[in-house]
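Chains as they are written, first to last, in this note's numbering: chain A, 173 to 582; chain B, 173 to 582.
Any given hint could turn out to be false.
Identical chains share a label here; the pair holds if one copy fits it or two copies do between them.
Stated by the list, open to error - Listed next, the in silico DSBU-like pairs over lysine-lysine satisfying Cα-Cα at most 30 Å (straight line):
no. : residue 1 : residue 2
1   : K510      : K272
2   : K440      : K199
3   : K511      : K209
4   : K272      : K520
5   : K433      : K208
Read the hints as simulated data drawn from the structure, not as lab findings.
Protein chains: 2
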Amino acid sequence: MGQSLMVEKHNFTRLIEGTITSPKGFKAGGLHCGIKKKRLDLGWLYSDVPASVAGVYTTNLFQAAPLIVTQESIAIENKIQAVLVNSGNANACTGEEGLKNALEMRDSFARSLGIEHHYVAVTSTGVIGEQLPIDKIKNGIDQIDVSNNGDGQFENAILTTDTTVKNLALTLEIDGKEVVIGGAAKGSGMIHPNMATMLGFVTTDALIEPGALHVALKEVTNQSFNMITVDGDTSTNDMVLVLANGLAENQVLSPKHPEWKAFLAGLKMVCEELAKMIARDGEGATKLIEVEVAGALEKETAAAISKTIVGSSLVKTAIFGSDANWGRIVCAVGYSGKKIDPSKVTVKIGPITVVENGMPQQFNEALAKAYLDNELIKIFVNLHEGEAKAVAWGCDLTYDYVRINASYRT
Amino acid sequence: MGQSLMVEKHNFTRLIEGTITSPKGFKAGGLHCGIKKKRLDLGWLYSDVPASVAGVYTTNLFQAAPLIVTQESIAIENKIQAVLVNSGNANACTGEEGLKNALEMRDSFARSLGIEHHYVAVTSTGVIGEQLPIDKIKNGIDQIDVSNNGDGQFENAILTTDTTVKNLALTLEIDGKEVVIGGAAKGSGMIHPNMATMLGFVTTDALIEPGALHVALKEVTNQSFNMITVDGDTSTNDMVLVLANGLAENQVLSPKHPEWKAFLAGLKMVCEELAKMIARDGEGATKLIEVEVAGALEKETAAAISKTIVGSSLVKTAIFGSDANWGRIVCAVGYSGKKIDPSKVTVKIGPITVVENGMPQQFNEALAKAYLDNELIKIFVNLHEGEAKAVAWGCDLTYDYVRINASYRT
C-alpha cells in the first residue's frame, strides 16, 4: 500500500520552476530598510485571503521575541494572511523591549495592510542581544506594496551568512485540481536538529484545515528540517511556517482524504529539498553529506545514529579532506547513545563497502578518494537488526567554517 | 564539615616535581618497537607488588579489544602489577584476531615478568581497524627491563596527535604517612565526556582496597575526565586506571577513614589537572576554556550546561577569534536540554559581566578582547536557581583542528 502510494506520488508530483509565490494567491517581496548596510533585510509574504497556518519553533529555551508573538497570533484563529521577516537582527535576548518591538513590527504591518493584527506573523534572524531598530522597520513597511510581486526579493531579504537563496516549487493533483506547493528558507550556521537553526516558509493553495496542516507539518519536519545539522548549535529563532490558502479549490484535505499521502509526499519533498539546500550551504561547506541508516529496530535509533554520524566533527573534517576514514563513522555509530550490535554493522561510503559485520574490508583507496572528491557524499549504514531507516544531512567542516565564525558576531 | 576538610586538604596536599613513578614502588618506561616510524610507541608501567586497581572505560559500543581483555583481567582479583600500552594502532574493530592479539600482548608481558596473566592490563591507541603488529610488540617486550626507570619515556610512548606529555604528582599525608599520587595521560582528538577519548594512568602508594578505590575513581572521574571535550567524539579506546600498591603503609583507606576526603581531594586534583592538560592540548587548540555553571538546582543540570557551552562549535570558534560573542553562550545554555529560567541567567566572560537576568549588559569590547587573547579563558554562568555547580573544560576550534583532521587517518 505504502509502495503503491509512492508510485502514485511520482505520477502526480512534478517540480516546477517556481517559488513561494507559485501557489495561487500568494505574493512576496523584499527591500532594504537599513538594518544591514546594503543588502535586502526586510521580506514580506502575503496571501490574498487568510490561510490555514501551522508552525514549528525552536526548542531553545531562549526563544526570541518574534517567535512568542507569532505563536500568540496564530493561536487565536490558526489562520494568517501575511508574514514579515527581518534579517540582520534576531530580536533575541532583548527582554520586554524586544517583545514590544516584535508586537509593534506585527501591528504596523497589519495596520498598513488593513487586516487583523493576529493575521500577521513576524520573525527575525541575525545578531542576538541587540534591540531591533523598529523605526527603520516601520519605514520599510511604509514602502511595501503587496500588489507587486518582487521576484526573488523575499528569498534574498531573509538571508544572513547564507551564500545562496533557497527555494523551490512543485505541483501535484488533488481531486483533479492542480495544487502547488512552494518553499523558501534561510540558514547557514547555528544549524542543528530540533527545529534546525533556520527559517522556512512553505506556501500552498491547497484547501486544508489548520489541524490537519499541523499534523502534516510535524510529520514532515521530523524527516526534513529536523534531520540536518551544520554545527550542532540550536538557534533561538528557528521557525517553519506553512500557509495554505485553499485557492486550489480541492476537497478539504485531512488524513481521511484519499490523496492525503500524495499531499504529504509533496510537502515532504519541498521541506526535504529546502533542508538539503540549508545543509549544503552550511557555513564554509564544500560538500553535502547524506547519511542513511537502515536495518534498525526503531526509526528513532536510525535517526539518532544518522544524526550522530553527520554531526561528528571528525567525520566532517575527514570528508573535507576526502579521506575514507571509516573508523570515525563506526566510532560515531558506537557513541550515538542507541544500543545496537556492533558485529552486524555494514558501512558503505558511496558505492564502496568499507565495513561488513563490524569488520574492516579491503577497498581501493584511490577509488574512495575519487568518490570523496564529489560534492554530494552518501554514507550508508545498515544495522541488520530490523526494518526501520532514517536519512540525515549535513556538510563538511572546513577552514572557512572557522574563519567565518571566528570573525562574525552573530 | 566539607569546608574544614577543604582547608585540611590544602594544608597537606602539595604538588611536587614528579610523575607516575613518584609513588613508592612504581617504575615505568617506553621504547620504539616499530608501530610508528620513529617515535616511542610502547610504554610500560610496573609496580613492585600487586596493586589494588580500579578502571573506567569508554561507553562507546565499539569497545576496543584491549579494553575487553583488561576488564576481564581485572575482574579476577581487582589487583594488577603491570600495564602495557602501545600507540599508533588502536586494536579497535579488529574482531577475533584483534582479541587474540590483545591477549597475546598481555600474556607475553606477563610471561616476561614472571607474573600471573591477569596481573597485566593492556591498552592501545591510534588507528582504528588495522590489526596489531603483534610480532613487533613481542620484540619490544623482550627489550623491557622493569628494574630500569625510564624518565618520561612512558608519557611519551603513549602519545598520538598530542603535542605535549601530560603528567604530574602530588603528596599528601594520611595517618601521618606521606602518600604520593602520580598521573600520566594522553589525548588530543576524539575527546568527549563519558570516558573522554583518552588514556589516563594514576599511581599511588596509598593502601586502599579495590572496592574503595573504585568508588573514589568513579566520583573523581565524573568531575574531571568526564568534564572535558575537544570535538564531541567519544573514542573506542578510552580508559583510566588507578593503581594503589599500599607501600605508603597508611591504615587501609575507605569512605570511613577520617582522611578519606583528603585522599579523594588529592586523587581529584591529579585527575582534574590531567583532564585540563588534555583539553589544553586538544587538536589545533590555542586556548584552554573553563566553563563554570553555578546556581543550579541539580548538579546534573550544571554539568550538562557547562559541557554544552564548552562543546559548542560556535563558542569555540568565537574564543579562537577573541570575540566576546555572549549570544552564542546564552544560546548554548538554552539548548542543553535542561530546563532553566532564561530570565535569571548571568554570564561572565572572565571578569566581564555580559548578561544579567537574561539581558545583555553594556561592556567594554576592547577589554573583553584583551581578556580573550589570554591562553586560559574562563566563562562563568549563574542560573540563580539553587546551589549546585559544575566545571567543564575544552579548547578553541581552530584552522589547525581542521588541518589535522582533514589529513590524518586515525
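With 30 Å as the alpha-carbon cut-off, assign the pair K510 and K272 to within, between, both or neither. Between copies, since 28 Å is at most 30 Å while 44 Å is not.
Go through the copies and call it for K433 and K208: within, between, both or neither, with a Cα cutoff of 30 Å. Close neither inside one copy (42 Å) nor across copies (58 Å); limit 30 Å.
Are the CA atoms of K440 and K199 at most 30 Å apart within a copy, between copies, both, or neither? within (22 Å within a copy, 63 Å between copies)
Up to 30 Å between alpha-carbons, please classify K272 paired with K520: within, between, both or neither. between (53 Å within a copy, 27 Å between copies)
Could you figure out if K511 and K209 sit no more than 30 Å apart (CA to CA) within one copy, between two copies, both or neither? neither (51 Å within a copy, 38 Å between copies)
In this structure, the hints that do not hold are numbers 3 and 5, in rising order.
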